[in-house]
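> These protein sequences, in sequence, are chains W and A. Be aware that the first sequence starts at 1, since it is given in full-length UniProt numbering, and climbs by one per residue. Be aware that the second sequence starts at 1, since it is given in full-length UniProt numbering, and climbs by one per residue.
Please note: incorrect hints may appear among the correct ones.
[Unchecked claim] Here are the computed distance ranges between Cβ atoms for each label pair:
| # | chain 1 | residue 1 | chain 2 | residue 2 | range |
| --- | --- | --- | --- | --- | --- |
| 1 | A | GLU42 | W | ALA82 | 50 to 56 Å |
| 2 | A | ASN59 | W | ASP94 | 33 to 39 Å |
| 3 | A | LYS208 | W | GLN196 | 30 to 36 Å |
[What the hints assert, rightly or not] Pairs of lysine-lysine residues, derived as DSBU-like cross-links and limited to a Cα-Cα distance of at most 30 Å, are as follows:
| # | chain 1 | residue 1 | chain 2 | residue 2 |
| --- | --- | --- | --- | --- |
| 4 | W | LYS194 | A | LYS5 |
| 5 | A | LYS194 | A | LYS5 |
| 6 | A | LYS208 | W | LYS9 |
| 7 | W | LYS212 | W | LYS194 |
| 8 | W | LYS205 | A | LYS212 |
| 9 | W | LYS212 | A | LYS212 |
| 10 | W | LYS5 | A | LYS208 |
| 11 | W | LYS194 | A | LYS212 |
| 12 | W | LYS5 | W | LYS194 |
| 13 | A | LYS194 | W | LYS208 |
| 14 | A | LYS194 | A | LYS212 |
| 15 | W | LYS194 | A | LYS208 |
| 16 | A | LYS212 | W | LYS5 |
| 17 | A | LYS205 | W | LYS5 |
| 18 | A | LYS205 | W | LYS212 |
Derived by calculation from the structure, the hints in this document are not laboratory data. For clarity, every value in this text was computed on a predicted model and none was experimentally measured. Glycine included, C-beta positions come from ideal geometry on N, C-alpha and C.
2 protein chains.
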Amino acid sequence: MTTNKHFSKRDIDALPQRFRANFINCLSGFKSANLVGTQNAEGHLNLAVISSVVHLGANPPLLGMIMRPHTVRRDTIENITATGVYTINHIASDWVDKAHQTSARYEADESEFDTVGLTPEYLSDFAAPFVQQSPIKLGMRFVESVPITHNDTTLLIGEIQHVLLPESAVTEDGHVDLNRCDIACISGLDNYHKPQHIARYSYAKPDKSLEKLLP
Amino acid sequence: MTTNKHFSKRDIDALPQRFRANFINCLSGFKSANLVGTQNAEGHLNLAVISSVVHLGANPPLLGMIMRPHTVRRDTIENITATGVYTINHIASDWVDKAHQTSARYEADESEFDTVGLTPEYLSDFAAPFVQQSPIKLGMRFVESVPITHNDTTLLIGEIQHVLLPESAVTEDGHVDLNRCDIACISGLDNYHKPQHIARYSYAKPDKSLEKLLP
């Protein structure tokens, strides 16, 4: 496929706002598809689709996510900093429409669980709702907000406290088979996909051919 | 699919190191699949597979990536801060093996372009190599390194200066059709996938059903 089109920074700056938003949001590649579950001090529930969850490290087990303060996700940030906990729930390919619908601007007293038709579920002593329908659910403890001054966003860091998933999805060496769990991914602002497995490879070494591993 | 297995933080802490690395690396969901291209002041080329590229904002067009200082990617960080530029090249599903092979610990005077069989390509006045075989290539200007103190990693922020891609992949409203470009994604440390399109949805509103858009 020939890369026959060149957009320079000047070309990008001249794009209409909506075109640019779609375009730039696609350029990082495929993104994780998650729902962040929170509740406020009064027990009001909130659920927000997010595609910026990123692995930060395995020990301690840390995940980051990029939060844009001037969007509807403000509720999510406020709830996380107020309660200190939140959940990350993987979106399955057969209910991506419900997940996308959580991005609508509902009234403050409406819960996205109710409006889109997903079910809150709890662990004892953990004050954030999980999504029952989600095949992989993470209970997170808020660690830190790192400000990104260039565009007024925040890298919100959390530590994994709980992992709920199907036992059959975890292989002998700790790999989690996301395909088997029917996990979706996102491109751009609004496009959902279901990944098909290509190959899992051995640890690469300079003088050795790669071996294919079982997923 | 029942989520019948529960790992608490205590269970995670007790996992053997390699099992935990595989396990935690899978829990963020599917990840973007990119090769970062750099060169040092002497013109020596470096190419590193990275799965942590994350969208930070469209205006200015910023991408972040998580760098682990104590891995082979140190070359990449040093080259980026020395030259001020780097490239992000999307990995296509038919050469994921070559991309994975860049993670081997080659000698400092070896270029991963040569050892894995990919071709460097340049834009005039831009001192970082693109991957000719990549269907979507980004030329990046280094903006800032944000330290993440909890685990000694860095969020490296760059601004998009150049976008090279097939003209036919860009839709009328600016969306980039990654499926048409045959772009791969990654799970865990070593598992590659090819996403299949499910649906693209309209902007969600509280009182309206979602409409499906053309991808």
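> Compare the structure with each hint and give your call.
Do the hints match the structure? See the list:
At roughly 53 Å, the beta carbons of GLU42/A and ALA82/W sit within the given window of 50 to 56 Å. A hinted range of 33 to 39 Å for the beta carbons of ASN59/A and ASP94/W is consistent with their spacing of about 34 Å. Under the hint 30 to 36 Å, the C-beta atoms of LYS208/A and GLN196/W, about 32 Å apart, fit the expected range. Taking the CA atoms of LYS194/W and LYS5/A, the gap is about 24 Å. The hint holds against a cut of 30 Å.
Restraint check: the Cα-Cα separation between LYS194/A and LYS5/A comes to about 28 Å, which is no more than 30 Å; the hinted pair holds. With a C-alpha separation of about 37 Å, the suggested pair LYS208/A and LYS9/W falls outside the 30 Å cut-off, and the hint is violated. At roughly 22 Å between alpha-carbon atoms, LYS212/W and LYS194/W fall within 30 Å of each other, so this suggested pair holds. Of the pairs offered as hints, the one joining LYS205/W and LYS212/A is violated, with about 45 Å between alpha carbons and a cut-off of 30 Å exceeded.
Pair hint LYS212/W plus LYS212/A does not hold up; C-alpha atoms about 37 Å apart against a cutoff of 30 Å. A hinted pair counts as satisfied when its Cα atoms are at most 30 Å apart, and LYS5/W with LYS208/A does not qualify at roughly 37 Å. Distance restraint check for LYS194/W and LYS212/A: the Cα-Cα separation of roughly 16 Å lies within the 30 Å cut-off, and the hinted pair is therefore satisfied. At most 30 Å may separate the alpha-carbon atoms for a hinted pair to count; LYS5/W and LYS194/W meet this at roughly 28 Å.
Note on LYS194/A and LYS208/W: the hinted pairing holds, with a Cα-Cα distance of about 25 Å set against a maximum of 30 Å. In summary, the hint linking LYS194/A to LYS212/A is supported, as the alpha carbons are separated by about 22 Å, within the 30 Å threshold. Restraint check for LYS194/W and LYS208/A: the C-alpha separation of about 25 Å stays at or below 30 Å, so the hint holds. Pair hint LYS212/A plus LYS5/W holds up; C-alpha atoms about 27 Å apart against a cutoff of 30 Å.
Straight-line distance between C-alpha atoms of LYS205/A and LYS5/W comes to about 34 Å, which puts the hinted pair past the 30 Å bound. Restraint check for LYS205/A and LYS212/W: not satisfied, since their Cα atoms lie roughly 45 Å apart, outside the 30 Å limit.
The earlier numbered hints that this structure contradicts are 6, 8, 9, 10, 17, 18.
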